[in-house]
Amino acid sequence: MSSYTPSSSAGGVGSADSAAPRRNSKRPKYSKFTQQELPACKPILTPRWVISAFMLVSIVFIPIGVVSLLASRDVVEIIDRYETECVPQNFRNNRVSFIQSDANKTCTRRLTVTKHMKQPIYVYYQLDNFYQNHRRYVKSRSDSQLRDNSSWNDVSSCKPEDDSNGLPIVPCGLIAWSLFNDTYNFSLNNQQLAVNKREISWKSDRDHKFGNDVLPRNFQNGTLKGGKSLDPTVPLSQQEDLIVWMRTAALPTFRKLYGKIERDLQPNEVIHVTLENNYNTYSFNGKKKLVLSTTSWLGGKNDFLGIAYLTIGGLCFFLALSFTVVYLVKPRRLGDPSYLSWNRNPGGH
Amino acid sequence: MKQIVITLELPEIEALVKHGDKEAIAKASLDCVKKQINEGKLQVGKESSIEFGLIIDGKSLTFAMDKTLVNDFMDLAMSCATVICCRSSPKQKAVITRLVKSVTGKTTLAIGDGANDVGMLQEADIGVGISGVEGMQAVMASDFAIAQFRFLERLLLVHGHWCYRRISMMICYFFYKNITFGFTLFWFEAYTSFSGQPAYNDWYMSSYNVFFTSLPVIALGVFDQDVSSRLCLKHPSLYQEGVQNLLFNWVLILGWMFNGLLSSIIIFFLTTNSIIGQAFRKDGQVTDYSILGVTMYTCVVWTVNCQMALSINYFTWIQHLFIWGSIALWYIFLVVYGSIPPTLSTTAYKVLVEACAPSILYWLTTLLVVISALLPLLSYRAFQIRFRPMEHDKIQIQRRRSESLERDVAQSRLSESSETRNSSELPEEVRIRINSLKGSSRRKNS
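Sequences listed follow chains A and B, in order.
If you read the first sequence in full-length UniProt numbering, its first letter stands for residue 1, the second for the next number, and so on.
If you read the second sequence in full-length UniProt numbering, its first letter stands for residue 1, the second for the next number, and so on.
Do not rely on the hints blindly, as some may be mistaken.
Said to hold, decoys possible - Sample of chain B residues with no beta-carbon within 12 Å of chain A, all distances over it, derived: (1) F211; (2) K282; (3) V286; (4) I312; (5) Q319; (6) G325.
To be verified - Below, computed lysine-lysine pairings styled on DSS-like, alpha-carbon distance capped at 30 Å: (7) K139(A) with K203(A); (8) K289(A) with K282(B); (9) K42(A) with K394(B); (10) K287(A) with K197(A); (11) K101(B) with K46(B); (12) K42(A) with K234(B); (13) K118(A) with K32(A); (14) K197(A) with K282(B); (15) K29(A) with K394(B); (16) K46(B) with K26(A); (17) K115(A) with K282(B); (18) K394(B) with K330(A); (19) K256(A) with K282(B); (20) K46(B) with K287(A); (21) K118(A) with K394(B); (22) K260(A) with K289(A); (23) K203(A) with K282(B); (24) K234(B) with K32(A); (25) K32(A) with K101(B); (26) K282(B) with K260(A); (27) K139(A) with K159(A).
What the hints assert, rightly or not - With the C-beta cut set under 8 Å, the calculated list includes, among others, these residues of chain A facing chain B: (28) A249; (29) K260; (30) R263.
No wet-lab data here; the hints were simulated from the structure.
This one's a predicted model, so the numbers in the text were calculated from it and none came from an experiment.
C-beta: ideal position from N, C-alpha, C; glycine also.
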């Protein structure tokens, strides 16, 4: 050994055959963490656990499914598809030119109430085949311009609807330009049904995303009008239709809140709807529907959740039963060392 | 075990050495070694049922590795159970290791403690250096360093086994969680006419692999133990799981990927069908793009973390903290990010606090989707443990059973002994039983 051998290793070296106390000086300090001996729980999927897990899921899910289904059945919904029928007969083959012309677009529809509808009754318009979630469409807006009057010039992300006639558009972008502009008027027994169009948008949008000092400017001033025009004297935070429309939808089929009817409707009442069929969905074969719906504690009418819960609950129940049968019919004594492979094939791999 | 000795310490060679003619010595030695090798091969060929040990010294090794003899020598060596090369030089050690690696194509491990072992340690796939008597050169050239030779057993059987399982599970799980996440984005694209609009806010996507699913993977890769160290040492054949590559084969990898695909399908379709379309709250509001993103992302985070909880079977406080903490972190992130002004938080502004949390449908959908996505793995694991348990499953079950047996016996003995304590002395056999139980529980805890 060279004379440069460090003393610590010499200490350890010499200790290999010397007394025990010297050997312990090289040993690292014991701690449960570094020796990987932390107290641990080591669950195993025994038959008892498997069956109880499945039974627990089915016991929880089946009642939830039943309750959800009942809530959904409680909701009354009237859907009326009108885009084809609101085009006069002689224009049926050329609907695009009809919608782009100046012809009279008023249309009357009749809706029959099937069950008692408690107020508030929500009025929606539903569009199909309208891709509000297309990337270029979603990008085409200027949030800073919507929020703050001082940024009225910030239209860079809004092409092609950023300016017209040399002046920037407020609010700019394709989303605002394509604002839905059908209107609905409801009457019952020759009496006007009031539709409350306040507070149909999210409060955070009204308060923080659309400024109350931003007024529409130069809007829908170009050669091609994409949708509704906005009153230039009303600030954006009060233009609730715009706010609702600017919240882009998730899928190509979507509903947006139009207003609320705040009175009850009795069964067999007939509501006359006078609607202005202004919005052009004919260029892309989109559908337009008018929806009246009540809500329950769970929301609108959708049987899917209740059915899904019942299905999963039932499936788990079936799995629990089949595992019980399997464990009873072919019991295998767990932990039986004779099943270990080296006990079964001694001496070989 | 029978010995085959190849040596040049034979009278005829020594006679030649006395004469001093180098060429003649070399030729004679070569022939002698060749003869001994062939004899050895014959012997091994004749008696194939017993095991042989080959012993060869350094001088003979030089000739055995001659071009003409090396193949025969390697054949003979590979057919013996043990080979001892004594008095070999460092270069010979390295060359032997290289030969074994290339001829057999297997993984080689070399262990040594001195500077003469450095060549061998570096040549082998795994070099284990022992720090101690002969200095630190071996340690500096090795992949693993241990303090005493007997620690090799623990290194291989305990740490090798754990490491294999940890790495294979970690890789499979990584594929799984990213496939689940990525495919939900893909299914969404089908509904945006493939325009490239992501389903989630940018910041959600960036933080997926950093904040919400990274810690549990670390808990798995660093801390997981399928079988305790005591049982690893007690059942050395568990090590065969690594040798036979039972935990990281194509079937398992593709199975995890398929699980990811299935999870993503379940998440996407159940979420969209539950909350899209009708109002999702009592106040008539409908879901928009940001709410769908939040709901789906919540389901993804819950699902991948719960799949982790189902796959590992060693829960310390660390695992609990990381897994449940990551899920809680997601909600905290939503609240914090949602309270930043909309200039920065864009579509996530107040999305949890205002829109999602008051909606019962949001919570019910999360519960439904997470449980549905977990069912395939749970059923598969239950089925697999029952019908095709792997070795470590069987050992875990055996340990559980013996633990509960000991507990029952100890309890019954204690209750018995407390009854008999009223009489002045314990019966003999009860005392013996208690002592043996104490001894076994002490062994268990050591």
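Status of the stated non-contact between Q319(B) and chain A (beta carbon gap over 12 Å): Violated: least Cβ distance 8 Å, not greater than 12 Å.
Hint consistency between K115(A) and K282(B) [alpha-carbon to alpha-carbon, up to 30 Å]: 19 Å, holds
Given hint A249(A) near chain B, where the shortest CB pair must fall under 8 Å: With Cβ-Cβ at 6 Å, under 8 Å, it holds.
Restraint check for K46(B) with K287(A), where alpha carbons must lie at most 30 Å apart: 88 Å, violated
Status of the hint placing K260(A) at chain B (closest C-beta pair under 8 Å): The hint holds - K260(A) has a Cβ within 8 Å of chain B, the shortest such distance being about 7 Å.
Minimum Cβ-Cβ distance from V286(B) to chain A exceeds 12 Å: 5 Å, violated
Status of the stated non-contact between G325(B) and chain A (beta carbon gap over 12 Å): 17 Å, holds
Restraint status (C-alpha distance of K101(B) to K46(B) at most 30 Å): This hinted pair holds, its Cα atoms lying about 27 Å apart.
Holds or violated: K118(A) to K394(B), with C-alpha atoms at most 30 Å apart: Since the Cα atoms of K118(A) and K394(B) sit roughly 61 Å apart, the hinted pair is violated (cutoff 30 Å).
Straight-line alpha-carbon gap K42(A) to K394(B), limit 30 Å: Between K42(A) and K394(B) the Cα gap is close to 14 Å, so the pair holds against 30 Å.
Hinted pair K203(A) and K282(B), Cα distance within 30 Å: 16 Å, holds
Restraint check for K139(A) with K159(A), where alpha carbons must lie at most 30 Å apart: 10 Å, holds
The structure is inconsistent with the numbered hints 2, 3, 4, 5, 13, 15, 16, 20, 21, 25 and 30, although it conforms to all the rest.
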